[in-house]
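S.K.: Below are the chains, spelled out letter by letter.
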Amino acid sequence: MSQDFDCAVVGGGIMGAATAIRLAEGGMKVLLCEAQQLGMGASGVNAGTLSLQIKRVALMPYALKGHAIWAEAGDAVGFKESGGITLAFTQHEAEILEERMTARINAGAPIELISSERARQLEPHLTARIVSASYCHADGYANSSLTGSYYRRKLANAGVHVLEHTTADEIEPMDNGIAITAAGTVYTARRALLATGAWTKEISARLGVPLPIRVRINTVSVTERMPKLAKNVIGHATGLLTLKQSTNGTVLIGGGWQGVGTPEAGRGQVVAETLTSNLRLAQYALPELADARIVRCWTGFEANSPDFLPMAGRMPGWENLFVLCCVRGGYTIGPYIGRLMGDLILDRETELPLFDPIRFVEQHDSSTTLSR
Amino acid sequence: MASSFDVAILGAGPAGAEAAGVAAQLGLSTVVIDEASAAGGQVYRAPAARVPEGDAHHAEGDALRAKLAQSAAVFRAGERVWNIARTSDGVGALYDVATIGARGLETAQARSLIVATGATERFYPRPGWTLPGVIGLAAATILLKSSKVLPGSRVVVAGAGPLLSLVAHLIIEAGGQVAALVDVSPLHEWIRLSPRMAARPDLLARGMAWQFEIARHRVPVYRGYDVTRVLGANSVEAVEIARLDKEGRHRPLMLEADALCLGYGLTPATEVYRLLGARHAYIPERGGWIPELDDAQRTSVPFLYGAGDGAGLLGAAAAPLTGTAAALTAAADLGALEDHRYREKANELRGRLAKASRFGTAMASIARPRPALVKHIDDSTIVCRCEDITAGEIRRAVNEGAENINALKFATRCGMGPCGGRVCGEAAASLMQCHGIDRTRIGQFTARPPLRPISLGDVTRNFEYSDIPLPEPAPA
Numbered sequence: 001m002s003q004d005f006d007c008a009v010v011g012g013g014i015m016g017a018a019t020a021i022r023l024a025e026g027g028m029k030v031l032l033c034e035a036q037q038l039g040m041g042a043s044g045v046n047a048g049t050l051s052l053q054i055k056r057v058a059l060m061p062y063a064l065k066g067h068a069i070w071a072e073a074g075d076a077v078g079f080k081e082s083g084g085i086t087l088a089f090t091q092h093e094a095e096i097l098e099e100r101m102t103a104r105i106n107a108g109a110p111i112e113l114i115s116s117e118r119a120r121q122l123e124p125h126l127t128a129r130i131v132s133a134s135y136c137h138a139d140g141y142a143n144s145s146l147t148g149s150y151y152r153r154k155l156a157n158a159g160v161h162v163l164e165h166t167t168a169d170e171i172e173p174m175d176n177g178i179a180i181t182a183a184g185t186v187y188t189a190r191r192a193l194l195a196t197g198a199w200t201k202e203i204s205a206r207l208g209v210p211l212p213i214r215v216r217i218n219t220v221s222v223t224e225r226m227p228k229l230a231k232n233v234i235g236h237a238t239g240l241l242t243l244k245q246s247t248n249g250t251v252l253i254g255g256g257w258q259g260v261g262t263p264e265a266g267r268g269q270v271v272a273e274t275l276t277s278n279l280r281l282a283q284y285a286l287p288e289l290a291d292a293r294i295v296r297c298w299t300g301f302e303a304n305s306p307d308f309l310p311m312a313g314r315m316p317g318w319e320n321l322f323v324l325c326c327v328r329g330g331y332t333i334g335p336y337i338g339r340l341m342g343d344l345i346l347d348r349e350t351e352l353p354l355f356d357p358i359r360f361v362e363q364h365d366s367s368t369t370l371s372r
Numbered sequence: 001m002a003s004s005f006d007v008a009i010l011g012a013g014p015a016g017a018e019a020a021g022v023a024a025q026l027g028l029s030t031v032v033i034d035e036a037s038a039a040g041g042q043v044y045r046a047p048a049a050r051v052p053e054g055d056a057h058h059a060e061g062d063a064l065r066a067k068l069a070q071s072a073a074v075f076r077a078g079e080r081v082w083n084i085a086r087t088s089d090g091v092g093a094l095y096d097v098a099t100i101g102a103r104g105l106e107t108a109q110a111r112s113l114i115v116a117t118g119a120t121e122r123f124y125p126r127p128g129w130t131l132p133g134v135i136g137l138a139a140a141t142i143l144l145k146s147s148k149v150l151p152g153s154r155v156v157v158a159g160a161g162p163l164l165s166l167v168a169h170l171i172i173e174a175g176g177q178v179a180a181l182v183d184v185s186p187l188h189e190w191i192r193l194s195p196r197m198a199a200r201p202d203l204l205a206r207g208m209a210w211q212f213e214i215a216r217h218r219v220p221v222y223r224g225y226d227v228t229r230v231l232g233a234n235s236v237e238a239v240e241i242a243r244l245d246k247e248g249r250h251r252p253l254m255l256e257a258d259a260l261c262l263g264y265g266l267t268p269a270t271e272v273y274r275l276l277g278a279r280h281a282y283i284p285e286r287g288g289w290i291p292e293l294d295d296a297q298r299t300s301v302p303f304l305y306g307a308g309d310g311a312g313l314l315g316a317a318a319a320p321l322t323g324t325a326a327a328l329t330a331a332a333d334l335g336a337l338e339d340h341r342y343r344e345k346a347n348e349l350r351g352r353l354a355k356a357s358r359f360g361t362a363m364a365s366i367a368r369p370r371p372a373l374v375k376h377i378d379d380s381t382i383v384c385r386c387e388d389i390t391a392g393e394i395r396r397a398v399n400e401g402a403e404n405i406n407a408l409k410f411a412t413r414c415g416m417g418p419c420g421g422r423v424c425g426e427a428a429a430s431l432m433q434c435h436g437i438d439r440t441r442i443g444q445f446t447a448r449p450p451l452r453p454i455s456l457g458d459v460t461r462n463f464e465y466s467d468i469p470l471p472e473p474a475p476a
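Sequence lines, in order, name chains A and B. Just so we're aligned, residue 1 is where the first sequence starts under the numbering used here, counting upward by one. Just so we're aligned, residue 1 is where the second sequence starts under the numbering used here, counting upward by one.
One should not assume that every hint holds.
[As the list claims (entries may be wrong)] Quick look at which bits of chain A chain B covers, simulated, 3 or more residues with Cβ under 8 Å: (1) 37 to 45; (2) 144 to 151; (3) 259 to 267; (4) 275 to 284; (5) 288 to 294.
Since the hints were made in silico from the structure, they are not lab data. Virtual Cβ for every residue (Gly too), placed ideally from N, Cα, C.
Kindly generate the complete structure, drawing on both the sequences and the hints.
M.R.: Structure below.
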């Protein structure tokens with residue numbers, strides 16, 4: 001097998017895999033290099049929520065497209081369009097809810113504001129202490145732990161050369177391309193993409209272009225199997241709760257409560273205090289959860305940019321190197337923005353605009369510096 | 001409620017209890033935490049009710065409990081450790097040990113941590129092993145030692161390691177009938193180990209006495225045999241066994257029984273080490289995956305120490321010595337023990353440890369992981385009981401590209417249930433090993449809190465909505 005490729009993708013999460021498939025479909029010979037196995041970072045440990053009610057307004061068109069791709073994947077990723085209810089428990093939260101949902105409705109999301117009575121009709125086990133709520137029939141979830149096996153099949157079908165358990169140790173520019181050294185072998189490609197999630201912060205610094213990335217350490221918990229408690233995905237006006245009961249009865253609880261740790265050090269750690277708050281908010285929404293046993297809690301690393309919009313475009317200061325990360329709501333949007341990224345690398349027009357990281361870079365003559 | 005200690009010790013078995021006594025004696029403020037209501041661990045488990053006749057283990061256990069009670073160490077019994085986070089106070093390490101128990105949720109802060117969490121039983125699934133009437137050998141010892149309850153009226157005792165004859169002995173002692181003893185180790189394996197076993201004439205003699213007792217009660221003993229199937233409509237009715245050899249199976253034999261005690265040795269309980277990111281090595285003759293320790297019980301994580309069988313099987317005799325060594329090293333690292341005194345004590349200990357380990361390592365080697373024992377289980381055999389995952393589903397996921405145990409977990413849900421992979425992990429990894437994947441690549445399940453399932457309501461307790469600190473949300 002020749003070590004020369006048209007494009008090398010570093011990172012086998014949703015973003016990297018979706019881009020690699022697009023590139024291969026576009027006729028490129030593609031290498032994908034993943035340090036672990038596919039879909040085991042944020043792509044595989046997030047809470048799997050596919051909710052338009054918690055998507056950024058600016059990203060709504062992308063979220064609608066991504067949502068449709070997951071729906072098409074169906075059972076292979078455990079997709080379920082369950083409907084979703086977002087709750088406000090105080091007057092202040094009700095104001096936040098109305099303002100935010102109105103903006104999302106205007107951006108094209110099929111969301112409606114509903115009364116607390118209506119919310120409890122839809123979901124009888126909810127607390128009586130709801131001030132107001134919103135509902136979206138298109139909301140749902142998928143099983144994020146199936147991401148890896150799903151994309152492994154898709155990548156094989158697309159003919160992408162996949163290296164798992166292989167860390168890209170060196171990424172270097174060369175004439176008309178990029179050289180990647182992994183496990184002692186040098187792979188060359190005309191172009192390359194960094195789709196390395198929260199690890200992009202450290203990698204970009206090593207490449208001399210320290211991108212201003214803030215890493216969040218999100219906590220997710222799951223209960224043992226419970227009797228039927230909730231049909232819809234349940235959220236909170238602040239976005240600090242996501243809750244869903246899978247078809248097998250387990251209840252998945254998330255909402256972005258923070259653990260501690262760094263991607264470089266490996267996994268993050270769950271913090272008892274923030275976990276307690278997360279579980280309290282979940283129990284406040286669904287009181288019968290008090291009887292559930294918590295089986296497992298974990299953390300995943302989410303990369304954020306200063307403006308909470310994606311970094312998706314050419315790597316500043318580099319030729320032939322691209323970067324894709326910091327997509328808030330990345331689980332929903334990933335399969336779609338990966339396609340757009342593929343189109344950009346293929347020199348095609350993208351259906352929707354991407355988010356050039358150059359906006360974080362001030363140009364001073366020939367040198368490149370970063371601003372926050 | 002938070003409280004601060006120099007050292008926290010997890011587990012009050014022979015290693016942890018000894019470590020606590022030594023640490024307290026050296027002037028360290030010490031807490032030892034165990035989820036059982038009394039100290040002693042599995043080997044010196046306190047009986048639930050006073051039993052009149054004195055077993056040697058009871059006497060040793062009583063001595064351990066008395067010694068711990070007299071020490072200055074704080075003993076938190078009946079407390080379950082569910083999370084540990086490693087932070088720093090700017091000077092050294094700081095471990096936040098979150099516990100849950102009768103007094104609710106508590107956090108103990110400690111500058112160092114000694115893990116003495118013992119071992120769990122290793123299982124290889126067999127068709128029918130989920131039938132009522134099948135219990136683990138270790139579970140059977142608990143049942144028999146602490147409650148004098150017989151697993152059944154006609155019991156097959158099967159698997160590997162020293163627990164086989166102990167369980168047979170306890171059943172006979174409790175007035176029960178052992179239908180057969182089935183040992184995967186052929187006699188020559190035991191004979192080969194006898195020089196090492198002679199390091200402990202007392203234990204060797206006790207083992208021999210059990211063998212005579214088993215013979216006297218005319219219990220059929222099958223060495224070099226393994227259980228191939230468990231049969232029954234609603235509970236165990238018969239156990240099928242067959243002789244093992246390189247070619248596979250010989251003509252199976254059917255044993256009539258209403259219970260089966262089954263176990264294949266012990267696996268060190270490494271959850272805490274994994275949770276804290278310590279480096280591990282795969283060493284079959286020490287029980288499988290164990291934390292990498294230096295010669296003074298230090299793990300790769302600063303101020304985290306290992307002791308007892310959980311840090312690699314050495315047996316009950318060695319456990320107090322590794323506990324002592326861990327406590328001495330922790331004291332020295334915390335500056336509470338002068339260097340020359342430490343070296344003197346540690347050197348003296350090393351000689352004793354080498355001697356005490358000889359018997360235990362012989363036992364560990366006879367109960368080592370035997371991945372080939374799952375090679376022939378048919379695809380319909382359940383491997384992960386919590387999630388109903390079969391051998392066939394695991395084999396398929398491996399064929400589709402799952403090469404490490406966590407990728408397998410993601411693909412199949414194997415290990416995602418309440419047992420946290422403690423029951424199925426070894427069997428699933430063995431199936432992967434039978435596919436030719438190296439054990440070091442297969443790895444271990446990532447450890448996640450809670451270390452044991454806990455009730456959500458126990459974590460949240462009584463609260464008002466205003467008690468929940470809601471940070472400012474990210475922009476819409």
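S.K.: Against the structure, test the hints numbered earlier, and report the numbers of the ones violated in rising order.
M.R.: none
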